[in-house]
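**Q** As a plain string of letters, each chain reads:
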Amino acid sequence: MSTQIETLLKSNLTTTVVHNNIPVVEIDKVNVYSKGHHILKNVSTIIPKNKITVLLGPSGCGKTTLLKCLNRLTDLYPDLKVSGSIRIDGDNIFDAHKDITAIRQKMGLLLQRPYPLPMSIYDNIAYGLKLKGIRNKKIISAKVEKHLKEVALWDEVKDRLKTSAQRLSIGQQQRLCLARGLAVEPEIILADEPSSALDPISSRVIEEEFIKLKSGYTIILVTHILRQAKRLADNVIFMYYGEIIESGPAQQVFENPQSEILKEYLRVGH
Amino acid sequence: MLLSRKLTDNISSKWMVTCLTFCLLLPLAIGTGLVFKSTPLLSEHRLSELVFSKDWFPSDNRFGFWSFIVSSVWVTVLSLIISIPLCLLSAIYLTQYAPKWFLKFMRPVIDILAGIPSVVYGVWGLLIVVPLVGDKIAPFFGKESLGYSLLAGAIVLAVMSIPYILNMLLEVFRQMPVELGEASLALGATKWETIKHSFLRKGSTGIISAFGLGFSKALGETIAVLMVVGNVVQIPKSMFDSGYTLPGLIANNYGEMMSIPSYDSALMFGALLLFVIIVIINVIFRYIIYKSEAL
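Protein sequence lines, in the order shown, are assigned to chains A and B. Note that UniProt numbering has the first sequence beginning at 1, numbered continuously upward. Note that UniProt numbering has the second sequence beginning at 1, numbered continuously upward.
Among the hints, a few may not be true.
[As the list claims (entries may be wrong)] Within a straight-line C-alpha distance of at most 20 Å, the following computed DMTMM-like cross-link-like pairs (lysine to aspartate or glutamate) qualify: (1) B/K104 - A/D99; (2) A/K162 - B/E293; (3) A/K130 - B/E193; (4) A/K130 - B/E182; (5) A/K106 - B/E182; (6) B/K191 - A/D79; (7) A/K132 - B/E182; (8) A/K81 - B/E182; (9) A/K98 - B/E179; (10) A/K106 - B/E179; (11) A/K98 - B/E293; (12) A/K106 - B/E193.
[Claimed, not checked] Here are a few chain A residues that face chain B, going by a calculated C-beta distance under 10 Å: (13) I100; (14) R104; (15) L111; (16) P114; (17) P116; (18) Y127.
Bear in mind the hints are in silico, worked out from the structure with no lab data behind them. Note that the coordinates shown come from a computational prediction; the quantities given were computed from them, not determined experimentally. Every residue gets a Cβ at the ideal spot worked out from N, C-alpha and C, and that includes glycine.
Could you put the whole structure together from the sequences, leaning on the hints where they help?
**A** Structure representation (structure tokens):
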């Protein structure tokens with residue numbers, strides 16, 4: 001009996017582990033050109049579910065471009081030519097007949113600087129919900145409250161939900177942007193150096209949010225700050241000049257770097 | 001060396017203040033001058049009578065400006081009704097949808113449109129718009145019109161104010177941060193939803209300013225309107241009727257008929273009215289901008 005339970009437990013354990021390593025995003029041979037420049041060079045990698053994957057590398061190495069490929073914001077730049085495939089939950093997002101708005105709603109986006117929409121705090125969160133077709137005011141209000149609480153902003157703004165989001169401090173704005181992204185119930189959070197414009201305390205709050213959120217979401221974080229990467233990463237992708245140099249579990253990448261470039265980066269980085 | 005640089009530095013800011021003061025005093029000086037010049041008329045007639053009476057018989061010493069005010073405002077508002085949607089949609093298309101080379105190509109075209117002398121627009125209005133209104137548009141609405149009408153004036157004015165409004169709107173939409181678009185699209189909005197909910201709101205201040213500029217420009221335009229609007233002193237009953245705008249009144253009559261007492265003063269009062277209307281309109285637009293910035 002006990003052995004049976006043990007086997008059962010073991011098998012359960014293995015399934016959990018396997019489940020956690022299910023790739024949410026499979027990037028296969030992605031190339032991006034801009035006016036003759038090769039920005040991303042044959043990038044292939046896998047991003048596991050419910051983990052924080054950090055895209056690490058010096059400025060201008062293609063981290064942000066790769067991030068923007070994931071929700072096809074590259075479409076906004078007519079100069080960019082993108083090839084290859086990116087599968088999210090098995091669907092290639094570059095398929096022409098895919099509904100791009102639905103793909104984008106699978107991902108919440110957090111930019112370097114917060115860009116609150118030009119409307120009230122409440123409407124910033126309600127916006128995505130309304131786009132999803134939710135009209136019921138009670139549901140919307142409940143979700144606004146839930147997601148503002150999720151990013152620890154509720155207590156600070158609950159008395160002024162109808163005032164302009166522009167009046168919040170920059171740290172609050174960034175948390176609002178995170179809440180806004182979470183409200184559309186994405187599976188993935190894309191974050192492009194989300195704390196680079198923030199003071200240390202606000203940026204710490206964002207980092208803590210990420211650690212809390214990773215149980216429910218797959219987080220892809222672009223950063224060039226090594227310490228931040230070390231604090232947060234479960235999985236690291238190190239990029240240099242448009243190529244993935246090394247990738248793997250954080251511990252392995254940080255403690256046992258293979259390439260000279262990464263060793264150098266880890267040595268001088270802070 | 002150091003002293004001379006310091007001196008230049010000090011003087012430069014003084015110069016700027018002088019120029020600014022001049023710019024600020026100019027409207028004040030014009031306003032005062034107009035008030036001063038219209039005092040003879042104001043001392044003879046009650047203000048309310050001058051503004052709200054429609055009897056315009058200068059030889060009987062009766063000066064009612066109401067029909068001119070109504071014509072002016074009507075032509076201006078009509079022209080904005082035509083030009084606003086045209087400009088707004090063109091600006092959105094050029095900045096958000098069209099390829100970059102097309103915007104580059106359109107800019108000089110718009111500037112040329114702005115550089116055409118208004119008398120040329122007037123001639124174009126006479127030859128094309130007046131017959132068009134008289135023969136086609138008015139009959140289409142079941143009305144009779146000679147063509148010399150408020151609508152003809154409004155169409156000419158709308159075309160004339162397009163380059164001004166459009167140029168300002170292009171700036172507004174070009175300065176829209178890319179990231180705002182990205183943020184909205186990332187939430188699952190379509191391009192049109194992004195423009196409608198985010199860009200129009202974000203740019204509302206600039207958009208309202210552009211319309212305010214268009215309004216002032218249209219209200220003050222003289223010669224082109226004068227050529228097509230008919231210049232009949234009456235309260236127009238529809239947009240197909242003739243009218244007579246305030247600038248037209250002044251331009252047509254200043255320096256003439258000076259034998260009639262108070263006529264000179266009356267024209268100056270007309271100019272003062274125009275000035276006051278522009279001030280009021282600007283205040284209203286400022287208020288709307290202030291309100292839109294609050295959100």
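**Q** Are the hints correct? Go through all of them and say.
**A** Tested hints:
Taking the CA atoms of B/K104 and A/D99, the gap is near 32 Å; set against the 20 Å cutoff, the hint is violated. Simply put, A/K162 and B/E293 have alpha-carbon atoms about 14 Å apart, close enough for the 20 Å limit, and the pair holds. Note on A/K130 and B/E193: the hinted pairing holds, with a Cα-Cα distance of about 11 Å set against a maximum of 20 Å. Of the pairs offered as hints, the one joining A/K130 and B/E182 holds, with about 18 Å between alpha carbons and a cut-off of 20 Å not exceeded.
Using a Cα cut-off of 20 Å, the hinted pair A/K106 and B/E182 holds, with the two alpha carbons roughly 15 Å apart. The straight-line distance between the Cα atoms of B/K191 and A/D79 is roughly 18 Å, inside the 20 Å bound, and the hint therefore holds. In summary, the hint linking A/K132 to B/E182 is supported, as the alpha carbons are separated by about 17 Å, within the 20 Å threshold. About 18 Å separates the Cα atoms of A/K81 and B/E182, which keeps this hinted pair within 20 Å; it holds.
Of the supplied pair hints, the one linking A/K98 and B/E179 is violated, its CA atoms being roughly 23 Å apart against a limit of 20 Å. Distance hint between A/K106 and B/E179 is fulfilled; the C-alpha atoms sit about 19 Å from each other, no more than 20 Å. At roughly 38 Å between alpha-carbon atoms, A/K98 and B/E293 are farther apart than 20 Å, so this suggested pair is violated. Restraint check: the Cα-Cα separation between A/K106 and B/E193 comes to about 18 Å, which is no more than 20 Å; the hinted pair holds.
For A/I100, the shortest C-beta to C-beta distance to chain B is roughly 8 Å, which falls under 10 Å, so the interface hint holds. Given the 10 Å rule on beta carbons, the hint for A/R104 holds: about 5 Å separates it from the nearest Cβ of chain B. For the restraint placing A/L111 at the interface with chain B, the shortest Cβ-Cβ distance is roughly 5 Å, inside the 10 Å limit, so the hint holds. At a threshold of 10 Å, the smallest CB-CB gap from A/P114 to chain B is about 9 Å, leaving the interface hint in force.
The restraint placing A/P116 at the interface with chain B holds, with a minimum CB-CB distance near 8 Å, inside the 10 Å limit. For A/Y127, the interface hint holds, since its Cβ comes within 10 Å of a Cβ in chain B; the closest pair sits about 6 Å apart.
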